[in-house]
Amino acid sequence: MQNTWLFIGIFIAIAGVFPLLPIVIARFLAPHKPNPIKLETYECGMETVGDTWVQFKVQYYIYALVFLVFDIEIAFLFPWAVAFDALPFFAVLEGVIFILILAGGLLYAWKKGALEWS
Amino acid sequence: MSFFQDPVSAISALISNFLYTLLPQAWAHLIMTLLGVVVVASFGLIIVIFLIWVERKIAARFQDRVGPNRAGPYGLLQTFADMVKLLTKEDVIPEKADRLAFNIAPILSVVAVLLIWAVIPFAPGWIGTDLNVGVLYIAAVGSFGILSILMAGWSSNNKYALLGAFRAVAQLISYEVPMLITLMVPVLLARGMGMMDMVRDQAVWFIVLAPVSAIIFLVSSIAEIGRTPFDLLEAESEIVAGYHTEYTGMKFGLFFAAEFLHAFTIGVLFAILFLGGWRGPGAEEFPLLGVIYLMLKASVGYFIVMWVRSTLPRIRIDQMLALNWKFLTPLSLALLILTAIVEKTFEGNAWRVPALLIGNVIVLIVSYYIMRAASRRTSKERVTFKKRPVAKPA
Amino acid sequence: MTAQQGVFLFISFVILFSAYTMVTRSNLVHAALFLVVTLFGVAVIFVLLDAGFLAVVQVLVYIGAIAILMIFAVMLTQDNAAKQQESMNLNYGWALLLSALFAFALIVMLGQWPDIGGLAPALDPRRDTIAELGSALVSPDGYVIPFEVASVLLLAALIGALVVARPQKKDK
Chain A
1 MQNTWLFIGI FIAIAGVFPL LPIVIARFLA PHKPNPIKLE TYECGMETVG
51 DTWVQFKVQY YIYALVFLVF DIEIAFLFPW AVAFDALPFF AVLEGVIFIL
101 ILAGGLLYAW KKGALEWS
Chain B
119 MSFFQDPVSA ISALISNFLY TLLPQAWAHL IMTLLGVVVV ASFGLIIVIF
169 LIWVERKIAA RFQDRVGPNR AGPYGLLQTF ADMVKLLTKE DVIPEKADRL
219 AFNIAPILSV VAVLLIWAVI PFAPGWIGTD LNVGVLYIAA VGSFGILSIL
269 MAGWSSNNKY ALLGAFRAVA QLISYEVPML ITLMVPVLLA RGMGMMDMVR
319 DQAVWFIVLA PVSAIIFLVS SIAEIGRTPF DLLEAESEIV AGYHTEYTGM
369 KFGLFFAAEF LHAFTIGVLF AILFLGGWRG PGAEEFPLLG VIYLMLKASV
419 GYFIVMWVRS TLPRIRIDQM LALNWKFLTP LSLALLILTA IVEKTFEGNA
469 WRVPALLIGN VIVLIVSYYI MRAASRRTSK ERVTFKKRPV AKPA
Chain C
513 MTAQQGVFLF ISFVILFSAY TMVTRSNLVH AALFLVVTLF GVAVIFVLLD
563 AGFLAVVQVL VYIGAIAILM IFAVMLTQDN AAKQQESMNL NYGWALLLSA
613 LFAFALIVML GQWPDIGGLA PALDPRRDTI AELGSALVSP DGYVIPFEVA
663 SVLLLAALIG ALVVARPQKK DK
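Chains as they are written, first to last, in the numbering used here: chain A, 1 to 118; chain B, 119 to 512; chain C, 513 to 684.
Everything labelled a hint here was simulated from the structure, so no lab data went into it. Note that the coordinates shown come from a computational prediction; the quantities given were computed from them, not determined experimentally. Nothing false has been slipped in among the hints.
Derived lysine-lysine pairs resembling DSS-like cross-links, with alpha carbons at most 30 Å apart:
#1 B:203 x B:175
#2 B:444 x A:112
#3 B:444 x B:462
#4 A:33 x B:203
#5 B:214 x B:203
#6 B:203 x B:277
#7 B:214 x B:277
#8 A:57 x B:214
#9 B:175 x B:207
#10 B:207 x B:277
#11 B:444 x A:111
#12 A:33 x B:277
#13 A:33 x B:207
#14 A:112 x A:57
#15 A:111 x A:57
#16 A:57 x B:444
#17 B:214 x A:33
#18 A:57 x B:277
Which bits of chain C does chain B cover? Going by a derived footprint, with three or more residues having C-beta under 8 Å, they are:
#19 540-550
#20 570-584
With beta-carbon atoms standing in for the labels, derived distance ranges:
#21 B:485 x C:615: 53 to 59 Å
#22 A:28 x B:139: 39 to 45 Å
#23 B:429 x C:516: 50 to 56 Å
#24 C:675 x B:485: 28 to 34 Å
Cβ coordinates follow ideal geometry from the N, Cα and C atoms, glycine included.
Use the sequences and the hints to build the structure in full.
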């Protein structure tokens, strides 16, 4: 099995080098004349006002949380799907129960208004 | 096995014989793997160049204009011209930007998309590496792309870039849920996660067995790559250019290339998972035909993506997330349960195919009625035009 | 020194280095990014142990969800003034002593294991480990009870997190 993953390892190395080539070429070909105006942050052509921080919106965090729970659920379900042939029928029902419990969680989140982008 | 019947295997056999006589076995194996990697990665990158041209031409035709036709015959060299232009643009890094993350983000973005190509089965026997967890690997690699967006938005030290990055990541992780669930349906139908097995098991194309799941996969993939109608991430009128506001020159070019490559990769994945991959008449004997079939099917998927892009308007972020969590996720869960139960009941039975098809249609109809009932409950009253007398000058 | 051992040594070095950097960085976002490197290193170790499925799940869940959650939390609750934080706890002397003792105990214990210098035995390539895992997860004399309890646990985690994080309705 490790030979198959060796390909991936080398692929990561090579794929990391490929995008570097244009950047390196650009380093030689592109002009490099920084001046203070160019280096300022872009805010539709105006001066920036205030620090660079974003108002904490808990909604982002909630979406990430729900995604995390479903991600783990799906990670559990993949072996169940692969072993499908060897499973008796009630094992399929066990998987369905698993899905339904978490669908109940989604329903709870929905009813409590956690999925609204307010 | 003549040369023309299977050129890749013939060439690789030649090279490996040559190497194995020259070097000790481990090194020869390493160099063979290296060559394979370079071939697959270059294929992906070269396709991008052609793809940008195709995209611009087709988008132009949808808009009743011609598209680039000056640089080279039919505008074929337009992408090269753009690349040269981007190479010569100055690379401006904002002064308070986080240099390490700022530089790594575009590279990570391209790497994340290129890594998918390592497990794509081009033809029987032509695959980078046949991981036994190919499908899940593709989902995992997508998370690197998400990380690169966060890095790009944060390191730019720009309020709007950061805001754009957060919204982009919220969209991407939300749409990953129905994508993963519908990704499980082909895995269920093929009883395995390996990409080669997925194609081999498609005697009946999976789009016939799970049409609604295929559509949900396509929709969530379009959202994953940030295309219209889910264009919010780069809507120029809204948030400047989103998370890559502060990127100039070739780094922007890399984000750009990564997006196009991702769009085509989605087409290829759709073709492999639902349209039967390289399967077609004669693909077993002539692997080159398999590649052609795959590219044709992938082009169909890519054309659909471009078609949707040119046709539909952009939707708001709250509409988009509501669509995902309140419609796509429950629907895909219902389809997964349906597919599992029907697959087990009709195992080995010839009635499997019609049963799955009918089951999908039933789920679709039921969900339509549910949605209609829900929309009736929450609809606001229609505002009609009240007649008013025309103002007359006194 | 086989290639496998070489890769293991290299990746262990990467993991330890990035874990150390992660806890000593004062810029929290950099720390989160080094966390990602550490988690990726752990995924590579899973691959070395012939557990490809676990490696992919590690990347998918840890890097794709948990690390992003942490980065959200870090980025959303920071402002410029607090960007540089105190990175070392004042009690680090005691912590250093305890971890040195722990490491010493581990080394002594592992040194008494006869197979410490050997390679992991190769897995029979005909075994479909993922299918076996799937069967074990849902078979009654396997892990079906933990499987279902895990779903209840996830449900409880979801509900608990939503109760804590839900935007409070403002009283008008």
